[in-house]
Amino acid sequence: MKDYNKVRRFGSLILATVVAILTLSVMVHATQVITTPNAAFFSYSLAPGANSAPITPVANQSVLVMGTTTTFNFRGVGQVAMLHITGSFLEWTGLESISPSTITSGFSGVAGTHIVFLDFSHQVDIQVNTADTFRIHNGASATRTGNVTLIW
Amino acid sequence: MELPVKNKRNARHVWLGLLLWTGLAAGLLVQAFGPHLKIQNNKFVIPPSLLSGEKEVHPDEMVARERRMQALSGILTLGSGLGLGFYYRQILFPRATLKGD
Numbered sequence: 001m002k003d004y005n006k007v008r009r010f011g012s013l014i015l016a017t018v019v020a021i022l023t024l025s026v027m028v029h030a031t032q033v034i035t036t037p038n039a040a041f042f043s044y045s046l047a048p049g050a051n052s053a054p055i056t057p058v059a060n061q062s063v064l065v066m067g068t069t070t071t072f073n074f075r076g077v078g079q080v081a082m083l084h085i086t087g088s089f090l091e092w093t094g095l096e097s098i099s100p101s102t103i104t105s106g107f108s109g110v111a112g113t114h115i116v117f118l119d120f121s122h123q124v125d126i127q128v129n130t131a132d133t134f135r136i137h138n139g140a141s142a143t144r145t146g147n148v149t150l151i152w
Numbered sequence: 153m154e155l156p157v158k159n160k161r162n163a164r165h166v167w168l169g170l171l172l173w174t175g176l177a178a179g180l181l182v183q184a185f186g187p188h189l190k191i192q193n194n195k196f197v198i199p200p201s202l203l204s205g206e207k208e209v210h211p212d213e214m215v216a217r218e219r220r221m222q223a224l225s226g227i228l229t230l231g232s233g234l235g236l237g238f239y240y241r242q243i244l245f246p247r248a249t250l251k252g253d
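Chains as they are written, first to last, in the numbering used here: chain A, 1 to 152; chain B, 153 to 253.
Hints in this document: simulated from the structure, not taken from any laboratory. It should be emphasised that the depicted structure is a prediction, and the values quoted were computed from it without experimental measurement. Where a beta carbon is used, it is the ideal one built from N, C-alpha and C, also for glycine. Be aware that a few hints might be false.
Unchecked claim - Pairwise CB distance ranges (calculated): (1) B/Leu202 with A/Ser141: 23 to 31 angstroms; (2) B/His165 with A/Ser25: 26 to 34 angstroms; (3) A/Tyr4 with B/His165: 18 to 26 angstroms.
To be verified - With the Cβ distance kept under 8 angstroms, some of the chain A side facing chain B (calculated, not the full set): (4) Ser12; (5) Thr23; (6) Ile34; (7) Ser43; (8) Trp152.
Pulled out of the complex, with its shape left as it was, chain B reads as follows:
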């Protein structure tokens, strides 16, 4: 009766690890493929190619989008990073864990 419970716990543990790695990867992907507006002198620099085109430029929407993407990326990456640190605490801090035990 004990074995299935242990297996269940192990499976949950593995899934948590996968979830954390996926979260970290997602955060990094959002960061890598985000709009990436350059910041210079505390201002968002709109690419000059946009101004020489015909399409309407919406600076407020561009800035808001950039902020949303960065916030999402930051939350995913930081949350997953901290989670992974806790998840692998026994490997990263073996002595501290032993003391705690």
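Just chain A, with the same shape it has in the complex:
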């Protein structure tokens, strides 16, 4: 009877340890997700002339959109602060990628309107896709890779 109690207690402690470990791991992950700021990171790899999927920025508040091209010989970086008015337009102001890095600003809901260049040779850019979305466009004659970060 004593042995049975010992085994029972040992089993209970193991089960309790498993539950505690599972609970802690869930809590660690949940805490990490909840405390991570509102920032999304997209990687792209676009064939010549291709567009990325449309991206919808959060509406009625400023969104920082910054992007890079990491393809060798064409590396660049650009950024804009963007405002999305649902169903109407996207509005932006920021800096083009270098060579030369000039101010880019405007507002539009028309597909294809240039927003900001992301590469050195000004062939990869972020464009208006619809009044509510933008896209990454590769206007170069070869594949370009890079990433875009949104902070809101």
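We have chain A; now place chain B onto it with these hints.
Below, chain B without anything else, positioned relative to chain A:
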């Protein structure tokens, strides 16, 4: 007259245990089948497959959904875990319970 009251108490006790185990299982299931956005350098990484598709990507909604699921999973798991610890306190801490008695 005493027996039915005791039975009622036992039944309530069993139901509480079942509820706590169900809560823990639900929390773990939400965790297992949640959206699971990767986090890198303090940013949510949107799967590249989404960007190469045709469908609109809503990063704010994806992040909000991930947060909701994680909060739900955390509350269910932590609440049930603590509840189970209390529920089985007599088995887990037999001496402490005796002292308390």
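Against the structure, the hints:
no.: 1; hint: B/Leu202 with A/Ser141: 23 to 31 angstroms; verdict: 26 angstroms, holds
no.: 2; hint: B/His165 with A/Ser25: 26 to 34 angstroms; verdict: 29 angstroms, holds
no.: 3; hint: A/Tyr4 with B/His165: 18 to 26 angstroms; verdict: 22 angstroms, holds
no.: 4; hint: Ser12; verdict: 5 angstroms, holds
no.: 5; hint: Thr23; verdict: 4 angstroms, holds
no.: 6; hint: Ile34; verdict: 6 angstroms, holds
no.: 7; hint: Ser43; verdict: 5 angstroms, holds
no.: 8; hint: Trp152; verdict: 6 angstroms, holds
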